[in-house]
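Next come the chains, spelled out residue by residue.
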Amino acid sequence: MNETFLWLNGYQWTVLAASLSVIFGGIGSCIGITSAAKMSAGVLAEDPDKFGGLLVLSILPGTQGIYGFITGLLVVVFFGLLGGDGKSIVLAQGMRIFLGCLPVMIMCLISGIYQGVVSTAGVAMVAKRGETAGQGMILSALVETYAVLSLVVSLFLIMAAQAG
Amino acid sequence: MAVVKVKKVYLIAHDSMRETLVKVLQKNGLLHIANLKKELSETELEEVLKEFEPDSKEIDLMLSKVNFTLDFLADFAEKKKGFLSGLMGEKTEVEPSKFENIQDKVNLEKIYEECESFEGRLNVIETGLNKLEATRNELKPWMPLDIKFMDIGETKRAVFLIGQVASLNFNKLQVELEETVPESVLEMISKDFQYVYVLGIYLKDRSDEVSQILNKYGFQVTSFENLDDAPEEEAAEIAEQIGKLREEKETIIKRVKDMMSLKSDLIVLRDYLENVKNRVKVQLNFAKTDKAFMLEGWIHEEDVSSLENEISKFTDEIDLTFTEPKEDENPPVTLKNNKWFTPFEIVTKLYGFPRYKELDPTPYLAPFFVVFFGICIGDVGYGLVLTLASLWLRKKLQVSETIKGFLLLFVYGGIASMVAGALTGSWFTIETKSLPSILRKMIVLEPLKDPVAFLIFCFIFGFIHLLFGIVLEMYDNFRKGRWIEGIFKEGSKLVFLPGIVILIVQMLAGGVLPQALSSAGKWMAIVGAILIVWFTEPSAKSIFGRIGNGVYGLYGMTSFIGDTISYSRLMALGMATFLIGWGINIIGGIAKDMIPFVGFIVMAIILVVGHLFNLVINLISAFVHPARLQYVEFFGKFFEGGGHSFQPFAIEAKDLVFKEPELARKVRPEDNSR
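Protein chains in written order, with our numbering: chain R, 1 to 164; chain U, 1001 to 1674.
It should be emphasised that the hints constitute simulated quantities derived from the structure, not laboratory data. A quick note: this is a predicted structure, and the numbers were derived from the prediction, not measured. Hints may be right or wrong, so weigh each one.
Calculated lysine-lysine pairs in the BS3-like style (CA-CA distance at most 27 Å, straight line) [stated by the list, open to error]:
#, chain 1, residue 1, chain 2, residue 2
1, U, 1277, R, 50
2, U, 1023, U, 1091
3, U, 1131, U, 1110
4, U, 1057, R, 128
Listed next, the stretches of chain U that the computed footprint assigns to chain R, with coverage defined by at least 3 CB atoms under 8 Å from CB atoms of chain R [unchecked claim]:
#, region
5, 1371-1385
6, 1561-1570
7, 1624-1635
Don't be surprised by glycine CBs; every beta carbon is placed ideally from N, CA and C.
Bound conformation, chain R alone:
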């Protein structure tokens, strides 16, 4: 029950998993959106009519933060962190939960940043030719694929950890 690994017990590892999923996904999205939105602001100063396309391009790296949020929320709900149930999580299960969240933590952090880079390039493309916004979005979504895949695996790993 009170077994610990690196000073944390099962319950604390579970909380850490939920927290870090949200934190890392959020960081990835923040950095990604910042780089694209900054560039969009510059383009908008010249040509405010392009707002629609630029908004979508800038918001695309935002999904990673949401995937992190979903993962974190699932951990909170599935393992009863809201009520008292979570206290009884044993170390082995806590570690499984933490490791299950790793794909989302790492992939959302990294893909968020790089999707931001592609989105920024898309913004530059739209600045030159307004009709290319759609193509920019598709290119940006190519990067997101791997965040989606990490979410799929993390969801399964969390569900498996819950099943026992």
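Following the hints, put chain U in place on chain R, whose structure we already have.
Here is chain U on its own, set in the frame of chain R:
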């Protein structure tokens, strides 16, 4: 349901007819004019450009005047464009007849000159006001002074002087001055937290010593060069001037606001002038001799007779020739689809136009796109909101056909989302177990309870999508008469892939499949593999080359694994919608429980804002990801693209929507979505 057939047009006519003819062509908007001068050298091109310069210069000047006036007026507009209207690029509605005669109706010169003089005067007033305000501020500390400014300075024997000194130094200054030059007065007029404002009077004879002391303590002499009277009177004067200028400014602004009604006319004029400019610009594409000119273009086959008709109406001295496109040419492409499928052309165009001889993928991608979209949103409530909002916007906003198509796409997607939501038990992302039992009975698959089944469903759907792509390639080969290649090259894949899938299922799930099916799968895979190896490169020179290429082709089949797995995004996005919405519901519930009395209101706000946010975020994903599945996974199997769009030389309306549908049809559609 395909690419519209076109014919090549050559038109030769006498130079005197050029202007009229160009006008007629623009009005009818049937011709895609190609460039006959592509091969011109740089210097030749310059010559041509020079020839058109005078005309286009005049129009450019007028256009810049219109733009100036519009920008000027926009600064004073009371109502800015709405957020949605701006996002969608709302347009101004106009009668065609008004469009034609706008140049006579609007007195551009007068309006422009008025606006220019207003702007100039406003600038002068603004500068004047700034200056006066500054003086007024400088005067403030001197208000108690009751000496006229013109009396400050030197008299025969004395010096009057005003200035400021840092408060810290004032006392020391006063003391030192008293000691060294007793026959002097230093009177404090006023002070603020930093400075003391001082009037100094001393004898002229001692002015050297006094200035030395003053300098020592950092005394700054103040002078009001243009002011004569006492500060109080001057201040009153300034206030009066400021009042006058402000009044004048108000009058001008009021007159500018009266001109606001001209704005829509000016927008029409701008678009009109752009079209006149286009008429000049298009002539750059013509080939010319001394007396005649020639143009080359493309026209829809169905429009040939109406073009002939229109032209014969005003002259018969024009030589019109129509020919079929040649093999090596790349004619411009127009997509034509059943009206239900038309909105999906947006998805195709986003990728690029098909080549002239290629298959138009629009009708084939349409059903899959809608279903994918539906899975990604996957909620009855969201689907309903999306459908109603899109229908409402389509009705309310005056937007381009492209945006209207987009909105219609969302209507379809919304309906698909409702179906998907009902089947997966997602109603405004309310937890499944608290749904009424009648809704629960409609559930076919509950993603949260059985995510694996949902994932497998997505894989199956994706696999069908991929196979359909191969079938289309086969069909494309048949269409081009390549029967053998179609049957064996694509057919072998159609045998091999399902066989492999059966084997994989057999491996993973053991004895789920009947014996007959699994052995059929085994043989399909074996036969398919042999066929693939043999028919991947039938034209290879040696048998080894052929088999080598074939084995490589067989290896290429592994890409189908990745392609199929890519469809797992549908599951992830569908569940994401539900889970975020669920999170919002939980947060809303907590707010209701924790906050006394107003909890309900807080919950309502959280729910409305949160769900709207969720819908918008997922809407973007639900468009982008299914589109990617079409482009990367589906198009890769059969579609090349690389065509260019048919853009008739026609009346272009950037900011206008024509009231009369007949003319609206001819207005050149925008290439792509924004």
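Checking each numbered hint in turn, tell me which of them this model violates, lowest number first.
3 and 5
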